[in-house]
Amino acid sequence: MIRTEGLCKYFAGNGKEVKAVDGLHLEVRRGEVFGFLGPNGAGKTTTVRMLACLIAPSAGRAWVNGLAVGKANLAIQATVGILTESPGLYERLSARYNLEIFAELYGVKDVKGQVEKYLRLLGLWDRRDAEAGTFSKGMKQKLAIARALLHEPPVLFMDEPTAALDPEAAKTVRDFIETLRGQGRTIFLCTHNLDEAERLCDRIGVFRQRLIAVDTPDALRRQLFGRQTVVSLTPPVLQGAAQAEALAGSVRGLPFVQHVAVLDDDAGGRGGYQLVISLDDPALRNPTIIQLLVAQGAQIRFVNELRHSLEDVYLSLMHNGQPGGAP
Amino acid sequence: MRQFRAVVRKEWADMLRNKLVFYVIIFVPLLMLAIPIVMLIIMRQTPVSAQDLEEMQGMLKNPIFAEMNSVEAIQSVMASNMMVLFLMMPLMVPVTIASYSIVGEKVTRSLEPLLATPITTPRLLLAKGFAAAAPGIAMTWICYALFLAAARILAVSDRVFAVFVDPMWLVAMCVLAPLMTVMAVMVGIIVSSRVSDPRAAEQLGSLILLPLMVLFIGAMAGFIMLNGTTFWISSAIVAGADVALVYLGTALFQRETILTRWK
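Protein chains in written order, with my numbering: chain A, 1 to 327; chain B, 1 to 263.
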């Protein structure tokens, strides 16, 4: 649906060339919500602008909906929707008029019908004749989303859709993106909000001028941190750190265990220890570990899989550069 | 055509809701119209001294003033010199509209979604240019027509009225005014590419009035004779400037330039 090969964008600045995007290779599948993550100035917006045919690539090639960027720009623009970083509405005009203008520009056949459909869908129908400038930030963002969808594009670019929105408005927008996913649209989502990326995206690409990593959030976690089981042990059976270390030592002896760490666990002020066990396949290996610990007199309070946050993944990639470079 | 219409409709709808722009479009032309009409009225009732007549001798050499008596001559000379003000309308109105249209979109960041639609850049520029130019030309022609209607009543004779419908004014209104409008629109676009405040853009764009002020003051002082030749020469100069400005404005009004270089 979206494919790039060595996509580059250079800008001239202060007498030297600044690389905004440097050799982007990417493939976003049909119907996928793809999160494009990166710090400010990473080149995310520049990438979106190239893919939406707003600016020309300096090098490399890209295809959107099977159409080549640079060769079929108007055709691409007719089949993509774009939600820019700022809603960019005509503030003196009504919500309905804002949408009607864009419906005409996109060549929508049933202008009034489509405008009504999206105003209703986004809960703006009752305010259809109010000036867009009187809307709250959340309402403006919803109106901008409606504008991007009027021509029913199969591909949607969204640049920071929930930035600067209050939690309730952000949730409404996120819920709406969820419904779009259900319609089979391909969504290219630039965001800083890692929680949002985690919840909405099928795959994420971590990007800073070039693509550092791309995969599902879970796959990236596995690549970066492996899989880890956390066993919380109840204090009465423990005589202290020495016994916890002894239990850890016996777990280390299992051939499939890669690493075991012992941590204090004072959850609820009741004391105790945690064994953090790195291993290849928790679902398969956990029963063996638990049997071993119980046989050695351990009383097990909880067994969980340690799930690193997407923030851990992101920061690790930003600092170490490659999946697998982290501990 | 549908896209062109949509952009023009949007521009005009936005313009009508912008009070400042709306007042410039309506009240400035009305003021420009009032001045020559007032001049017609005053000159109709003002006795002409021998000194006035002497000062006007140069102007009276123009064949259109032949066979006029002193009252007819002074009324037609003073009023027609004031008609130069009509040529300010095709400059002021489009510069104001273009400045608010483009800088306004920069301020509200609405240009990017607009540029993301499947409209070609020349068509977008043409639509925005037309939306800015048409009111300027329309107001010029309306005011000229209103002035002629007033002159029909207030001119002291048919010979005076004939001065206001002289072919030189038709050249001014039908050739020079549209050419000046193109110039004003392109100046508005060029200035808008470098300015982030609509008022600053409007003020900078208004500098385009300076050459016309020279023509106006020159005509009032008797240094410049307003005749067909003056307007044809002015038209040729403005047409040349238009070519250069259209080239420059079109080069600036490109998607990538707008998004990455416009400040």
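Just so you know, not all the hints are guaranteed correct.
[What the hints assert, rightly or not] Below, simulated DSS-like cross-link-like pairs (lysine-lysine); rule was C-alpha separation at most 27 angstroms, straight line:
no. : chain 1 : residue 1 : chain 2 : residue 2
1   : B       : K19       : A       : K16
2   : A       : K137      : A       : K171
3   : A       : K137      : A       : K112
4   : A       : K137      : B       : K106
5   : B       : K106      : B       : K19
6   : A       : K171      : A       : K117
7   : A       : K19       : B       : K106
Derived by calculation from the structure, the hints in this document are not laboratory data.
We went through each hint and held it up to the structure:
A C-alpha spacing of about 45 angstroms is found between K19 of chain B and K16 of chain A, which places the hinted pair above 27 angstroms, so the restraint is violated. A threshold of 27 angstroms between alpha carbons decides the hint, and for K137 of chain A with K171 of chain A the separation of about 13 angstroms falls inside it, so the pair holds. For the hint linking K137 of chain A to K112 of chain A, the alpha-carbon distance of about 25 angstroms falls within 27 angstroms, and the restraint holds. Of the supplied pair hints, the one linking K137 of chain A and K106 of chain B holds, its CA atoms being roughly 18 angstroms apart against a limit of 27 angstroms.
In summary, the hint linking K106 of chain B to K19 of chain B is supported, as the alpha carbons are separated by about 19 angstroms, within the 27 angstroms threshold. Annotation: proposed proximity of K171 of chain A to K117 of chain A holds, straight-line Cα distance about 21 angstroms (limit 27 angstroms). Only pairs whose Cα atoms come within 27 angstroms are accepted, and K19 of chain A paired with K106 of chain B is accepted, the gap being roughly 25 angstroms.
Hint 1 from the earlier list is the only one contradicted by this structure; the remaining hints agree with it.
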